[in-house]
Structures are given as structure tokens and as C-alpha cells.
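Protein chains in written order, with the numbering used here: chain A, 1 to 228; chain Z, 229 to 456; chain E, 457 to 684; chain D, 685 to 912.
Don't take every hint at face value.
What the hints assert, rightly or not - In silico lysine-lysine, DSBU-like type, Cα no more than 35 Å apart, as pairs:
| hint | chain 1 | residue 1 | chain 2 | residue 2 |
| --- | --- | --- | --- | --- |
| 1 | Z | Lys322 | A | Lys75 |
| 2 | A | Lys75 | A | Lys94 |
| 3 | D | Lys759 | E | Lys531 |
| 4 | E | Lys550 | D | Lys759 |
| 5 | A | Lys94 | Z | Lys322 |
| 6 | E | Lys550 | E | Lys531 |
| 7 | D | Lys778 | E | Lys550 |
| 8 | Z | Lys303 | Z | Lys322 |
| 9 | D | Lys778 | D | Lys759 |
| 10 | Z | Lys303 | A | Lys75 |
Said to hold, decoys possible - If you want the footprint, here are the derived chain Z segments under chain A, 3+ residues with CB under 8 Å:
| hint | segment |
| --- | --- |
| 11 | 309-322 |
| 12 | 430-436 |
Just so you know, these hints were derived from the structure itself, not from any lab.
Here a beta-carbon is modelled for each residue, glycine too, at the ideal position from N, C-alpha and C.
Protein chains: 4
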Amino acid sequence: MTTSDYGRVFSALREGCGDEWNAYTHHDFVERLGDGSLPIASFEHYLIQDYVFLIHFARAWSLGVIKAETLDEMKICASTVDALINHEMSLHVKTCAARGIDEAALFAAREEVANLAYTRYVMDAGLQGDFLDLIAALAPCCFGYGEIGLRLAGAEARSTHYADWIDTYAGDEYQRVMISIGEMFDAAVFRRLGPDFQTSPRWARLQTRFTTATELEVGFWEMGLRGA
Amino acid sequence: MTTSDYGRVFSALREGCGDEWNAYTHHDFVERLGDGSLPIASFEHYLIQDYVFLIHFARAWSLGVIKAETLDEMKICASTVDALINHEMSLHVKTCAARGIDEAALFAAREEVANLAYTRYVMDAGLQGDFLDLIAALAPCCFGYGEIGLRLAGAEARSTHYADWIDTYAGDEYQRVMISIGEMFDAAVFRRLGPDFQTSPRWARLQTRFTTATELEVGFWEMGLRGA
Amino acid sequence: MTTSDYGRVFSALREGCGDEWNAYTHHDFVERLGDGSLPIASFEHYLIQDYVFLIHFARAWSLGVIKAETLDEMKICASTVDALINHEMSLHVKTCAARGIDEAALFAAREEVANLAYTRYVMDAGLQGDFLDLIAALAPCCFGYGEIGLRLAGAEARSTHYADWIDTYAGDEYQRVMISIGEMFDAAVFRRLGPDFQTSPRWARLQTRFTTATELEVGFWEMGLRGA
Amino acid sequence: MTTSDYGRVFSALREGCGDEWNAYTHHDFVERLGDGSLPIASFEHYLIQDYVFLIHFARAWSLGVIKAETLDEMKICASTVDALINHEMSLHVKTCAARGIDEAALFAAREEVANLAYTRYVMDAGLQGDFLDLIAALAPCCFGYGEIGLRLAGAEARSTHYADWIDTYAGDEYQRVMISIGEMFDAAVFRRLGPDFQTSPRWARLQTRFTTATELEVGFWEMGLRGA
Chain A
1 MTTSDYGRVF SALREGCGDE WNAYTHHDFV ERLGDGSLPI ASFEHYLIQD YVFLIHFARA
61 WSLGVIKAET LDEMKICAST VDALINHEMS LHVKTCAARG IDEAALFAAR EEVANLAYTR
121 YVMDAGLQGD FLDLIAALAP CCFGYGEIGL RLAGAEARST HYADWIDTYA GDEYQRVMIS
181 IGEMFDAAVF RRLGPDFQTS PRWARLQTRF TTATELEVGF WEMGLRGA
Chain Z
229 MTTSDYGRVF SALREGCGDE WNAYTHHDFV ERLGDGSLPI ASFEHYLIQD YVFLIHFARA
289 WSLGVIKAET LDEMKICAST VDALINHEMS LHVKTCAARG IDEAALFAAR EEVANLAYTR
349 YVMDAGLQGD FLDLIAALAP CCFGYGEIGL RLAGAEARST HYADWIDTYA GDEYQRVMIS
409 IGEMFDAAVF RRLGPDFQTS PRWARLQTRF TTATELEVGF WEMGLRGA
Chain E
457 MTTSDYGRVF SALREGCGDE WNAYTHHDFV ERLGDGSLPI ASFEHYLIQD YVFLIHFARA
517 WSLGVIKAET LDEMKICAST VDALINHEMS LHVKTCAARG IDEAALFAAR EEVANLAYTR
577 YVMDAGLQGD FLDLIAALAP CCFGYGEIGL RLAGAEARST HYADWIDTYA GDEYQRVMIS
637 IGEMFDAAVF RRLGPDFQTS PRWARLQTRF TTATELEVGF WEMGLRGA
Chain D
685 MTTSDYGRVF SALREGCGDE WNAYTHHDFV ERLGDGSLPI ASFEHYLIQD YVFLIHFARA
745 WSLGVIKAET LDEMKICAST VDALINHEMS LHVKTCAARG IDEAALFAAR EEVANLAYTR
805 YVMDAGLQGD FLDLIAALAP CCFGYGEIGL RLAGAEARST HYADWIDTYA GDEYQRVMIS
865 IGEMFDAAVF RRLGPDFQTS PRWARLQTRF TTATELEVGF WEMGLRGA
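Throw the hints in and build the complete structure from the sequences for me.
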């Protein structure tokens with residue numbers, strides 16, 4: 001995989017993001033997921049917070065259905081909401097259940113500030129701006145996890161400790177969804193900003209949305225490590 | 229079926245709605261759907277507008293995912309969005325395709341005022357109020373179509389002209405979804421207003437939401453007839 | 457005054473709107489306001505509905521504060537909300553009070569469909585799109601009333617029957633506010649679409665927002681006449 | 685002043701908040717504002733972040749105009765937006781200008797996570813719930829600053845270092861606004877939950893909104909201190 005598999009717009013935003021993208025996708029939390037050295041307590045803490053994250057992330061994708069202007073945009077957003085609530089969250093539920101934490105407890109978990117800040121920022125990006133502002137803020141999580149999953153899955157010295165997590169994001173299903181989101185994002189940007197989207201006066205703001213969400217991802221990993 | 233199959237809250241709102249409920253569910257448009265005397269031009273006009281309606285109705289159910297407070301509320305709303313976009317709308321697409329109208333044309337159809345008024349009212353009910361305000365405004369369409377479908381399907385002198393339409397709403401799949409929405413609505417009201425919900429100071433406003441949406445349904449049928 | 461006093465963007469949208477703009481600003485209701493032949497019952501009916509309209513119009517301008525990206529955009533929107541609630545509505549309250557209708561009755565007036573359709577459309581334009589989508593839908597009412605006021609105030613054979621209404625919209629205060637909204641709208645469009653805004657891929661949609669709101673204005677006058 | 689000056693609902697929420705209320709209103713940052721020992725760099729850092737906070741706080745109060753159900757609720761919210769944008773923020777602008785920081789720089793200041801988390805949480809509380817959910821999340825900042833201002837202004841060993849800040853919040857204008865917000869909040873709660881509002885099934889959630897916002901206030905002071 002190259003990053004361009006997720007589309008031209010994502011490639012441009014990823015590059016415009018600078019070092020921050022690396023700080024997120026190669027964060028210590030990520031590296032230790034890959035080599036298996038991440039304490040299980042950190043992982044569990046992360047997983048509980050991430051469940052709450054997904055609740056609000058699904059709410060933000062629902063805002064995408066509201067803000068969509070084409071049938072294709074609506075369909076992708078609606079499918080993503082469904083996939084998040086009925087599929088991605090089940091990994092969390094299953095893993096946590098095995099450790100004696102049930103879904104009601106997950107749903108009621110106390111949300112940390114780093115977590116709350118991230119999802120509410122995305123939500124408000126959508127409320128304040130248009131469909132592009134929303135997708136630009138949703139993109140770092142979606143595509144970043146896709147990149148991380150693929151990289152860790154392809155690593156030579158791969159640990160099996162967190163194989164379930166890695167396989168979820170490296171897996172065909174997740175990757176296919178990301179590719180279709182990337183295509184939809186490209187089409188949405190072309191439709192509103194034209195093919196030379198980077199010359200649009202709006203580009204700087206979309207980049208800011210993307211970069212801020214990426215920084216909030218870094219804060220999320222930090223929170224995961226602190227939980228240990 | 230009795231109306232109480234869709235839950236206690238719906239029964240109370242339906243009763244509080246008075247004659248307006250009957251004006252909606254026994255509208256001339258409905259009766260003529262049942263006896264087959266509805267001009268095909270009226271039906272087609274209705275179907276095209278209803279397609280546009282479903283687009284915005286799906287947007288309003290997406291607002292339900294955003295406003296939900298429990299996992300069950302989220303799941304029901306997310307499933308309904310998915311069912312609307314990926315299933316109910318396909319009846320419209322299929323029927324219209326048989327008449328040479330493709331989905332792009334449907335999506336771009338000029339929305340009439342009676343149509344626009346209805347869905348934007350529901351949307352704004354959700355923006356202004358909480359989850360209950362939204363569901364109260366969504367309820368007449370959902371449950372009313374369920375009632376109409378069952379009644380027409382059970383009629384003695386049943387015409388086969390509009391059997392596809394009738395079967396869609398009388399069918400097990402639609403009815404099952406309505407029952408689960410009814411259960412969710414009951415639980416949502418109990419959770420926020422308590423078991424004696426009709427004594428809550430908020431009840432009158434929820435009734436107004438439901439009644440206004442019912443009136444807008446009457447206007448929608450009128451629009452259908454005018455289209456002839 | 458020429459229409460360009462309200463800015464370049466408004467001029468472009470007004471022109472792009474075609475005959476619909478004339479249908480709105482020279483509607484029979486308007487002409488009869490000018491020559492004094494409008495039945496008082498029609499005017500009263502209009503005034504009551506317009507009071508309810510202003511409630512929701514103020515809500516839509518509040519959405520402008522939420523969607524603004526610059527301090528200037530925020531300030532103009534916040535001032536407009538304040539002007540609507542604390543000034544423009546007082547004309548309605550005063551006029552209605554003289555006819556024995558108090559403000560509580562106005563606030564509780566039954567909203568007609570043509571009224572509801574309009575304001576909820578504007579609101580949803582803002583929820584679905586960005587600041588420009590919202591302002592494009594708010595513009596026809598603001599600037600159209602300014603144009604109508606000036607034209608009627610300058611008419612040779614001017615009746616004094618509805619002088620208060622005409623003076624409100626022809627008056628310096630209202631005109632000054634419109635000019636500042638026009639400047640803000642120009643700046644908002646330049647900021648997001650650039651100086652050649654009409655070549656932006658988004659222009660067609662903004663034009664649709666403006667044109668649809670103009671059509672809904674025509675429906676509003678029709679409602680006024682029907683009330684007679 | 686006693687806390688009940690801001691109304692019965694606030695008193696109940698304040699009590700239900702437990703130690704967290706004290707952690708906020710007697711935070712080290714506050715105490716050092718009072719005795720003048722707060723480093724000027726901390727104060728400046730706080731002031732810049734607080735300017736950005738007020739931008740988003742005004743956006744959240746604008747959401748109040750959208751969610752209001754009575755004319756009085758609308759008027760109070762609209763006045764508060766106006767007061768925030770055109771008055772309270774001018775203290776910040778004036779103070780910062782004296783230190784060579786202009787308003788454009790303030791508007792563009794980089795928002796810290798503790799800041800962003802707070803205002804977006806309030807915004808989303810309004811989007812997810814109804815008017816009460818929003819006001820419950822807005823209340824701790826409003827009334828807490830009122831309490832802090834009065835207490836510091838009345839302190840025996842009062843420093844004059846931060847007198848402008850203290851006088852703003854202890855002053856009659858701010859206090860009068862708080863009293864009217866408190867009355868509006870009481871009326872809004874009585875209207876929706878009845879006079880025995882604490883027995884409503886919704887009360888626990890409103891308390892959570894209030895308590896979470898209070899915790900986010902503590903985080904805001906921490907951020908202020910860190911800035912030193």
C-alpha cells in the first residue's frame with residue numbers, strides 16, 4: 001500500500017500536516033502495540049476510551065449523512081455509521097468482555113478530556129462548516145488507523161500480543177471501507193472546490209481541520225500511555 | 229394488529245391527535261391507493277416526491293443518532309437510516325425505473341413546498357428540542373404508513389394496482405421495524421419523562437410535534453392528488 | 457439606490473434568480489401595500505405570520521453566529537439577531553397591540569405551512585451547508601424587503617395606509633443594516649470562493665439556495681393575500 | 685450575596701456537584717488572582733485563551749436562541765450573545781492591547797486542548813439534548829465567575845493587581861445579567877420538568893452536564909497556571 005490508495009485529497013492533507021502525521025502514526029503507543037511491549041493495562045484503558053470515542057465518532061459520521069449533498073455521500077456516511085456501531089465496536093466489546101467488562105460498563109465509562117476534546121471538535125467542525133470541514137476532521141482517524149494497521153501487519157518482527165487489533169485495521173474489510181471513503185472524499189472535494197482544490201481559498205482551513213484532528217490523535221495515544 | 233402494537237407512547241399521541249389522525253390515515257389518496265382508483269400520474273408524482281422525502285427523512289433519523297442517549301437508541305436510529313437509504317428507497321427506484329425515471333433524476337427532482345415543509349419541520353424539531361421532540365415528529369410517518377399498509381392489505385375488496393406499495397408497508401419487515409421503533413420510543417419516553425409520561429409538563433409540546441407532523445402528512449397526500 | 461448597494465454577491469444572485477425576483481418584489485401583495493388597496497385583514501394576517509417568521513428568522517441568524525469564521529461575521533450576525541428580536545419585531549408588536557393582539561398571542565400564533573416551509577428551509581440550509589449556504593438563503597428576505605421599502609417609499613402616488621411598514625424598511629436604520637450585511641456577505645464569499653466567485657463549482661448551489669428562498673417569499677405573499 | 689441569588693436550579697446543581705464546585709471556584713489560579721500573586725505571564729496566557737473561549741461560548745449561547753421555546757428564553761440568550769461579543773470580550777481586547785496583543789492576534793490564537801474540550805462539550809450538549817442540557821453546561825462558567833468575582837471583591841486583604849478582572853465579574857452589570865439568567869433558567873426548568881424538578885428522571889443527566897462543565901473549568905485554570 002502507498003498512502004495514495006486513500007485518495008488524492010488525503011495525500012495532500014497528509015503531506016500538508018508535516019511532522020504531526022508521523023507523531024501520530026509512529027507514536028510510542030503504536031510502536032509498542034506492534035512489538036507487543038505495550039502494557040496490557042494501557043491497552044485496556046485505551047480500548048475502553050476508544051469505545052466511548054467510537055460512540056461519538058459514529059455521531060459525527062451521522063452528521064455526515066445530514067450534510068451530504070449527493071446520494072453517494074449519503075450512502076457512504078450511512079454505511080460508515082452502521083459499520084462503526086455494528087462492527088468496529090464489537091471488537092471492543094468482545095475484547096473487553098473477555099476481561100470481564102460488559103458493554104453497559106463501556107457505554108457508561110468516564111470519558112477523559114483528551115477523548116472528549118477530539119470527538120466534540122470533529123462534531124463542531126461539521127456544525128460550523130460544510131461536509132468538507134467535517135470529513136477533513138474525520139479523516140485522520142480513519143486513514144491513520146488504516147496506515148498503522150497495514151504497517152504493523154507487515155512488520156518483520158511482529159508480535160502476536162495485539163494481533164486482533166492490528167488485523168482489524170489491516171484487514172481487507174477495513175481497507176476496502178477506507179478506499180471507498182477516500183474516493184468519496186476526493187469526489188466531494190472536486191465537486192465543491194474543483195480539481196485544483198489546493199488553490200482554493202478554503203484549502204488552508206481544511207488543512208487546519210485535518211492537522212488539528214491529527215494533533216488530537218496524538219493526545220489520544222498519550223492518554224492511552226498514561227492509563228498504564 | 230391493534231395500534232398498541234407500536235407502543236404506549238404512540239397510542240397516547242395518536243389519541244391526542246384527534247380527527248387529524250383519521251384525516252391522514254384515511255385520506256382520499258390512501259383510499260384510492262387501496263381500491264386502485266388512484267390515477268397512475270398521481271401515484272408517480274407522489275412516488276417521486278416521496279423519494280426526495282425519504283432523503284430528508286433519512287437525514288432526520290441521522291439526527292436521531294446524534295441525539296440518542298443510549299446504545300439502543302443509537303442502534304435503532306442507525307439501522308433505520310440504513311433501512312431507508314438502502315431498502316425503502318429501492319422500492320421507489322425500482323418502480324420509477326420501470327417507468328423510465330432513473331435514480332439521478334429522482335435525487336434531483338424539484339421538491340414541492342408541502343414536501344419541503346414536512347421534512348425541514350422534523351429536522352428543526354430535532355435541532356430545537358431533544359431526542360423525544362425529534363421522534364415525536366418522525367412518528368406519524370413511520371407508524372401511520374404501518375397502519376395504512378395493514379389496513380389496505382386486509383381490505384376485502386382489495387385492488388392489485390398498487391399491491392407493491394401496500395405490501396411494502398404491510399409486510400413483516402416493515403412491521404417488525406415499526407415494532408422495534410415503538411419499543412425504543414416507549415423506553416426513550418419512560419427514561420426521560422417517567423412512566424406517567426402524560427402528566428409531564430413536556431407532554432403538550434410532544435403532542436404538538438406529533439400533531440403538526442400529522443397535519444403535514446395530510447398536506448403531502450393533497451400534493452399527491454394535485455399532481456394528477 | 458441601485459441594487460448594487462447591497463453588494464456584488466447579492467447583485468449576482470439577484471440576476472441569476474431571473475423572473476422569480478420580480479415575482480417576489482413586485483408581488484400583488486406588495487403593490488397593494490404601496491397603493492393602500494391591501495385589505496386590512498390581509499395585512500393583519502400577514503403581520504401575525506410575519507411575527508412568527510421573525511422568531512425563526514432570528515433563530516437562523518443565530519445559526520450564523522455558530523457558523524461564522526471571522527469576528528466580523530460573528531458581530532454582524534449577533535447584531536442582526538438582536539435587531540430582529542429587540543427592534544424589528546417591535547413594529548409588529550406595536551401594530552398588533554393597537555388592534556388588540558398581544559405579544560403572547562403573536563408568539564403562540566398558528567404557523568401556516570408557507571411560513572414554516574420558508575424558515576425551516578433556511579435553517580436546514582445552514583445545518584447542511586456552511587456559512588455561505590445559510591446567508592444565501594437568508595439574503596432574499598433581507599435585501600428584498602430593503603428594495604421593496606425603497607421603491608414603495610419613492611413611489612409618486614404613495615398611500616399612507618401602510619406608511620409605518622414602508623418606512624421601517626425604507627428607513628435609514630434598516631438600509632444601513634442591509635448595507636453592512638451586504639459588505640459582510642461579499643467578504644464572506646471572497647474569503648471562501650475567491651474574487652471570481654461565480655466560477656466556483658459551489659456557485660450553482662448557492663444560487664439554488666437564493667432562488668428557492670425567493671420562491672418561498674412569493675409563497676409567503678400568497679399566504680398573506682389568502683388571509684383576506 | 686448568597687448562591688441562591690442565581691436561582692433555585694443553580695443552587696441545586698451547585699450542591700449536587702459536590703467538591704468539584706469548590707475545586708473550581710477556589711482553585712489556586714483564583715486565589716492568586718485575588719491576592720495578586722498570580723504571575724502576569726499566567727494571567728496573560730489565560731486571557732488570550734479566554735478570548736478564544738468567549739468566541740465559542742458566544743456560539744453556544746447562540747445555540748440557545750435556536751433551542752429556546754419561549755420569547756423570554758430567546759431574549760435572554762440573544763442579549764447574552766450580544767453582551768459576550770460586544771462587552772465582555774472588550775475587557776480582554778483592552779487588557780491585551782495594553783500589552784501589544786491586538787484583537788486579530790487574539791482571534792487567531794492557538795486554542796489549547798483544555799479550552800477546546802470545554803466549549804465543544806457545551807456546544808455538543810446543546811446539539812444532543814434540549815435547551816436545559818445546553819444551559820446546564822453553560823451555567824458553571826456564568827455563575828461561577830459571578831461567585832468568584834463577588835468573593836474576591838469582598839476579600840479583606842484585596843490586591844489591586846487584577847482589580848479590573850475582579851471588578852468586571854463582581855460589578856453590577858455582570859451580576860444583574862447573572863440574576864436574569866438564573867431566573868430564566870429556573871423558569872425554563874419549571875416549564876419542562878415541573879416545580880419538583882429534582883425528582884424528574886432527567887435530573888441526573890442535567891447534573892452530569894453541570895458537573896462535567898465544572899470539571900472542565902478546573903482544567904481551564906490548570907491550563908492558565910501551566911502557561912506561566
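For each hint, the structure was consulted:
Note on Z/Lys322 and A/Lys75: the hinted pairing holds, with a Cα-Cα distance of about 17 Å set against a maximum of 35 Å. At most 35 Å may separate the alpha-carbon atoms for a hinted pair to count; A/Lys75 and A/Lys94 meet this at roughly 28 Å. With a C-alpha separation of about 17 Å, the suggested pairing of D/Lys759 with E/Lys531 holds against the 35 Å cut-off. For the given pair, E/Lys550 sits about 17 Å from D/Lys759 by alpha-carbon distance, which is consistent with the 35 Å threshold.
Distance restraint check for A/Lys94 and Z/Lys322: the Cα-Cα separation of roughly 39 Å exceeds the 35 Å cut-off, and the hinted pair is therefore not satisfied. Pair hint E/Lys550 plus E/Lys531 holds up; C-alpha atoms about 28 Å apart against a cutoff of 35 Å. With a CA separation close to 39 Å, the supplied pair D/Lys778 and E/Lys550 exceeds the 35 Å bound. At roughly 28 Å between alpha-carbon atoms, Z/Lys303 and Z/Lys322 fall within 35 Å of each other, so this suggested pair holds.
A hinted pair counts as satisfied when its Cα atoms are at most 35 Å apart, and D/Lys778 with D/Lys759 qualifies at roughly 28 Å. In summary, the hint linking Z/Lys303 to A/Lys75 is supported, as the alpha carbons are separated by about 17 Å, within the 35 Å threshold. For the segment 309-322 of chain Z, the stated coverage by chain A is satisfied: 4 residues place a CB nearer than 8 Å to a CB of that chain, which reaches the threshold of 3. Coverage of the segment 430-436 of chain Z by chain A is violated in this model, with 0 residues showing a Cβ closer than 8 Å to a Cβ of that chain against a need of three.
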